[in-house]
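Enquirer: The primary structure of each chain is shown beneath.
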Amino acid sequence: MSCGILLGSCEDNFDPTITGTLAPANFPKTEADFELYTLQAYKPFGAKWGYADVAWQNMFHGYEYGHVIMFDLPTDLFIPFTAWGGFFEFFSKADFDFLKNQDKTSHFEKVRYVTRMTQIIADIEASSLEEEAKQRFIAEARMGRGLTMYYLLHMYGPLPVIMDPAEIGTAAESDLSRPNRETFVGYIEDDLTYAAEHLAVSPEQYGRFNKGLALGILMRLHLNEKNWESAKAAGRQLQGLGYSLYNDYAGLFREITEKNLETIWAVSIDPAATGNNLQGDFNAWPLYNLPSDFQGKNVNGGWPPMGVFTPSWEFYDSFDPADKRRALMVESYLAKDGTQKDRSNMPGPVLAKYPDESGPEFQGNDIPILRFADVLLMLAEAINNTEGPTQEAIDLVNEVRSVHGGIAGLSESETASPEAFNEAILRERAFDLYFEGVRKMDLVRHGKWESALQQAGKNPGPALFPVPQYAIDVSDGTLSQTQGY
Amino acid sequence: MQNILSTKARYLAAFILLFSAIVCGYAQSPVKGKVTDENGQGMMGVAVKVKDTPTGTVTDLDGNYNLVLPQGMQNPTLIFSFLGYITEEIVVGNQSQINVALYPDIESLDEVIVVGYGTTTRKNITTAVAKVDPQKVPAAANQSVTELLFGRAAGLQVNQQSSQPGGNIDISVRGKGAPLIVIDGVVYPSNSLEPDNGGVELQGVNRGPLAGLNPRDIESIEILKDASAAIYGVAAANGVMLITTKKGKAGGMNIGYDASRSLVSNMPYLEPLNARDYMTYYNQLGLDKYLADNGMKPFGTKDPAGYQPRFTEEEISAAGEGTDWLDQVLRTGSIDNHNLSVSGGTDKTIYYFSGNYYNQKGTVAGSDMTRYSGRLNVSFMLNDIFTLNTSLNANRNNYTNPQAGWQTGGAGTQGFNALQAALGYPSWVPTHDQNGEFSQFGLIGNPLSLLTIKDQTEATGLIANASLDIDIIPNTLSGRISFGNNNEYSVRDFYIPKTVFWGQINRARASLAEARRENQTMEATLTFDKKIKDFMRINAVTGVGQYIDKYQGFGVEAFDIEDAINTDALETATGPKNIFSDRDIRKYRSFFIRSSFDVLDRYLVTLTLRRDGADRFFPNNKYQNFPAVSVGWKLSNEGFMQGIDQLDMLKLRASYGLTGERPGDLAYGAFRGDNTAITFNNGSVVYIPYSLVAFDNPNLQWPITKTLDIGLDFGLFKNRITGSFDWYRENRERLLVNTTTPQLSFISSAPINAGSQQRTGYEFSLNTVNIEKQNWGWNSTFNFTHYDNRWTERYPNDPPPQYGRINDPLGIIYVYRTNGILQQDQEVPVWQPEGARVPGSPLFVDRNGDEELDYRDVTSFSGVPKAIIGLGNEFRYKNFDLNVFFYGQYGAWGYDYTTQWGDPIALLSNLQNVTVQVKEAWSTSNPTGTRPGAAFNESAVALDAGIDTRLARRDFLRCRNITLGYNVKTPFTDKLLDNLRLYVDVQNAFILTGFKGVDPEIQAAAIKGGPAPYPMARTFSLGLNANF
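Protein chains in written order, with numbering that gives the first Met the number 0: chain A, 0 to 484; chain B, 0 to 1027.
Treat the hints with care, as some may be off.
As the list claims (entries may be wrong) - Here are the computed lysine to aspartate or glutamate pairs in the EDC-like style, where the Cα-Cα straight-line distance is at most 16 Å:
id : chain 1 : residue 1 : chain 2 : residue 2
1  : A       : 103       : B       : 943
2  : B       : 453       : B       : 562
3  : A       : 133       : A       : 30
4  : A       : 133       : A       : 122
5  : B       : 453       : B       : 292
6  : B       : 586       : A       : 14
7  : B       : 717       : B       : 644
8  : B       : 248       : B       : 218
9  : B       : 135       : B       : 851
10 : B       : 246       : B       : 346
11 : A       : 457       : B       : 833
12 : A       : 103       : B       : 561
13 : B       : 586       : A       : 11
14 : B       : 248       : B       : 59
15 : B       : 497       : B       : 562
16 : A       : 457       : B       : 292
Simulated from the structure, these hints should not be mistaken for laboratory data.
Can you make the complete structure from the sequences, with help from the hints?
Expert: Below you can see the structure in the form of structure tokens.
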């Protein structure tokens, strides 16, 4: 009876109360909505502990599985770091086999980010925004998508991605067949080309994607694919954007001079950040790279007993002693307990590229991702590979040597042949770009991944990473493991 | 007329006869006395009968009786009986005053069993329901209701997750997880309400539910294990725990007072190296690490040279024991527990009031708990038709949160809490330096300094219930309208002073956070009960209900404040300030009906249907039906069984039904503000992007659990042996889970209905009255639980790992086996993985003999027990009683992560001390060592499954209680009190286990640096119960 009385009302007032979220029916509508919607594109490119993309993800420029750990630490410039074991040790030994067992924090999951950008681009296109706003937002989404695919290419080779919004929500989401390299590179090229066309050279907010970044990554892509002419073309465009070398190399990595005409794009660091994800990005590198017994200016010793990134003495010694770029590595210091530390008891110099000038924990120094010096060296390499060691190419390298290193130009023998000049450019890139996340690609492009690492006493496997086993298990046979694993 | 007169005359005659009998009575034998219950309380309405005669009477309000024995009886005997109590027979002899105490009949067949929206009796129940009587559980040091349940019921798995004051006790029915908790008909949350402490990694809180409830207020606890739970379909897949609180009884006022004082001492804990051993082992293991790092023999090919031991022989011999850091942080605790209850009533009103003060000083410095709680249950019989029942329970719990456990992130030693720090500080470091300041080692905060961190939680709760009973047709049709509300509020006040070095920095960090929640139950029911001749009895109940859960949280975190200001004026903080808030509302609606038929007192049938709705689904899928049927056959009442005298009851029963789970996930799409900010211009421009985190999912619906249970209840030898046996099979289907989406979907996980699991198991309970004499008695109780829970279908995008199978059990542990340690000069097996090819590495077992170590060599262990038991014995001798209770488990494995404290690399990291377990490590100085050596780093071995080096059996048998009580019977106390009982109790007296970690029950997570779980403790109590 009582049941009957209330039965009539059982459907009334029974909608869910949804709190703290926006309903798809109402969002995104306005330009401000679309701005918030599109800003997701930046999520993987910060420098924090990571971010939640439903599941936990590492950032490409962060501290765990970030660009320098993946692309610098395994190379010949740095010695193995065994104090913490785990991924630090494996990467430092260029032993990537362990990535097969990685869970869903794997960068492989960034294929979902690619689909998300595809959806966002389609949503922007379908919106009633002004054409200019559409292009601005789409350019940011495509920059994020292109840069993500560029990094994925250098981790795993071509990966399955969804570029056609019509495939979203269909069985295509379960097809993990890898596209061929040409197709995949084409996707990246298209995205970066569009981004370069529509991004501003100097956006109002420092840290937003800009035209230079799009061109620079496009140039890296072409160079690595040995599309020398296309690389040159991108470089020429960049030359016309008003960038120039900054004459104080150390200043490029200091908080007070981090904004300069050379740095094309950097992770813009928040000096007040304490590691909370709702704050800005932070710079934790001194805590990783200063040994625990090292009394820094502000940091009272770093975390590990020796720097996670400890350059090899061989690398240190390969510099011209007068090279100012070498001074960012410390060859001796007085430890906190009074012990004199030098070559006799240090496994390698201390890497102090980011000085601890802000505070006792995290620092405020921006983290450059693309600098004009890189562009000049890439351009020299592209020219050398098409026209040989022309004077222009040699001048480009020498300009970097003199402005940054304060040292003389290359010797005659170093520019005597395209091969010799190629070698010199590779060396120069190490001197200028160490700890900036490009060394692995450089070695691979020059065909020296194996030989250089062996020479450094490492026992390298393939340069590419294996995809995680869980992805193969779920792919129903469509996903192939990276060659060599 | 004639007739009437003669009738009157007969009455008169009878009267005269009776009168003369009384007048002459003193020549015969009048007997009087008082009947009291187990608490010494006078019992009203006890039947007092002279054996083999019709003569008898009942006791009055205070339990007194008067009786005249029939003339000329040889050796008369009095029988005292009361429903639910053991009947007493006493030979009168030449006594004229006979006082009797009656004791409850624990497993009486007439025992009332609460089954949700009604009751039944043990003999008539057709489903698997376990009952725990809190009166039978020693009460001294119990702070929560869940503590009453260890080992007390078949099918119930109870595990102590943390032994901190208010520590979490995990309750699981048949291994299904936390059951639905219903207190006096009101749904109650199954977890504690704990605001967090901002972004700081110090997080030692692990407390359980029901913290506001005084265990002394509990009348009974019933656990619905099978399809009987279907009447609570909405959330009953994990079973239901029904808690009934005490009510008053009509009769005189009863005042009860219980008090106990306990001393709490820690069980053996992890043992850090003393100063001498630290230095010795650092030097020994350091040598191996040096040799290995430099590629020297026996780890490499070069000849050993150049090792400089860190400590000199002089330093070592002068070191001694050093500082006992654990002693600085661990202490002896205490518990004071006081309860006062007043109950009673008239024919118009019955009442029960109680107040509780519980104060526990924890065994880790700076961890305490104080509870003040009160309960008032009152019923008003307004008239013949209406009865109003009201109930209030209010509590305030003040906690000082322990610095034990482990940091929540991967910060390692810099994030250590005080107990971790005490394990991590080397013994050769003094507590204070030469300047009198706290000493400082590595990145760890000084343990004594960490104890000055403030971390307090204040929790208040109010449960308010009101119900109106309507007697529509007496004894046939009645109705009830009820409203229940649980309201809780908690505040966490956290502050790290500037003077404390923590997280590598001296910085003031404050957090104030609060959380509140409300759980509403509104129900209306109708109950029909009718006996149709002797043929059949029908009992039916039907009703509707609405349930609303609300939650709201808010918090502020701030940095850089003056220590004196603390959390009192957060606006003065000059550093970053972070704010958060959240809110959640869920609504459910139900319609239910249950009909029970008892035919010829032999055949029992119960039909149940519950229709539940949840707001979280799309309109077409909001509602789901949960039907159930159960049948019972009382074999012992059949004619063909009548000849068997020893058999009092034999009942076969079976039940089958559906239950559901409250959905956690919403079926509606949503854009959520990211919890990662996007910032530009060096953090001065902050955006919170919005992303789609959930798709609309109109097809999402209720998960279904189908349970089949077959059981047998029996009573033998005048019910001196009673028990039950149950076998069950349960299929959980179309699980509602938030699981992996297709690999290229842009949302990585989403709620779907997928996968299925099957649970099978059996359990039995046995209660025996071994000896029952006037002066002494011995009762035993035993229960046994076994279950197995495995996959039958996996989620579509979560296949088992390569080494797993589709239908593996849940909670399985996959590992590579190892067998011993690789010795110097031993040939390295070809399958040893990279990173484990140096002496001191564990020797891996190539199980399939293919000379390769891969997923085919992985083996598995059960993470859940194969058997769970409870065993109790109760002895009574004159005024003494002794209660000994055990519980335990067998067949479960788990990783013992406290072994992290014994790793040589932890010692050699120079960041922390280690425990004496490091002495078992292999080294060139200790080639017979059984644990991996200094050159082996587990995290540098890339394997797809774990290694068994930390795997341990979690078997144990724990003596939960030994209680010795004495009922004081002296003329003096008898005059003053109805009853007085004194007792001593040892809780957790001892444990039999091979487990070497802190405790096989206590959780300890794998965490960088090593976990320091709150130590397990032994509690000695002295207490008294008094009734006035």
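Enquirer: Starting from residue 103 of chain A, check that the Cα of residue 561 of chain B is at most 16 Å away, please.
Expert: violated (43 Å)
Enquirer: If you draw a straight line from the CA of residue 453 of chain B to the CA of residue 562 of chain B, is it 16 Å or shorter?
Expert: Given that 16 Å is the threshold and the Cα spacing comes to 11 Å, the pair holds.
Enquirer: Between residue 497 of chain B and residue 562 of chain B, is the straight-line Cα distance small enough, at 16 Å or below?
Expert: holds (6 Å)
Enquirer: Within 16 Å, alpha carbon to alpha carbon, are residue 133 of chain A and residue 30 of chain A?
Expert: holds (9 Å)
Enquirer: Under the criterion that the straight-line Cα-Cα distance not exceed 16 Å, is the pair residue 717 of chain B, residue 644 of chain B satisfied?
Expert: holds (9 Å)
Enquirer: Between residue 457 of chain A and residue 292 of chain B, is the straight-line Cα distance small enough, at 16 Å or below?
Expert: holds (14 Å)
Enquirer: If you draw a straight line from the CA of residue 248 of chain B to the CA of residue 59 of chain B, is it 16 Å or shorter?
Expert: Since the Cα atoms of residue 248 of chain B and residue 59 of chain B sit roughly 13 Å apart, the hinted pair holds (cutoff 16 Å).
Enquirer: Is residue 457 of chain A close enough to residue 833 of chain B, meaning Cα to Cα at most 16 Å?
Expert: Holds - the C-alpha atoms of residue 833 of chain B and residue 457 of chain A are around 14 Å apart, at most 16 Å.
Enquirer: Take a quick look at whether residue 586 of chain B and residue 14 of chain A sit within 16 Å of each other, Cα to Cα.
Expert: Holds, because 9 Å separates the two Cα atoms, which is no more than 16 Å.
Enquirer: Does residue 943 of chain B lie within 16 Å of residue 103 of chain A when you go C-alpha to C-alpha?
Expert: Holds, because 14 Å separates the two Cα atoms, which is no more than 16 Å.
Enquirer: Please verify whether residue 246 of chain B and residue 346 of chain B have alpha carbons no more than 16 Å apart.
Expert: holds (14 Å)
Enquirer: Keeping to a limit of 16 Å between CA atoms, is the pair of residue 248 of chain B and residue 218 of chain B held or broken?
Expert: holds (13 Å)
The structure shown violates the earlier hints numbered 5, 9, 12.
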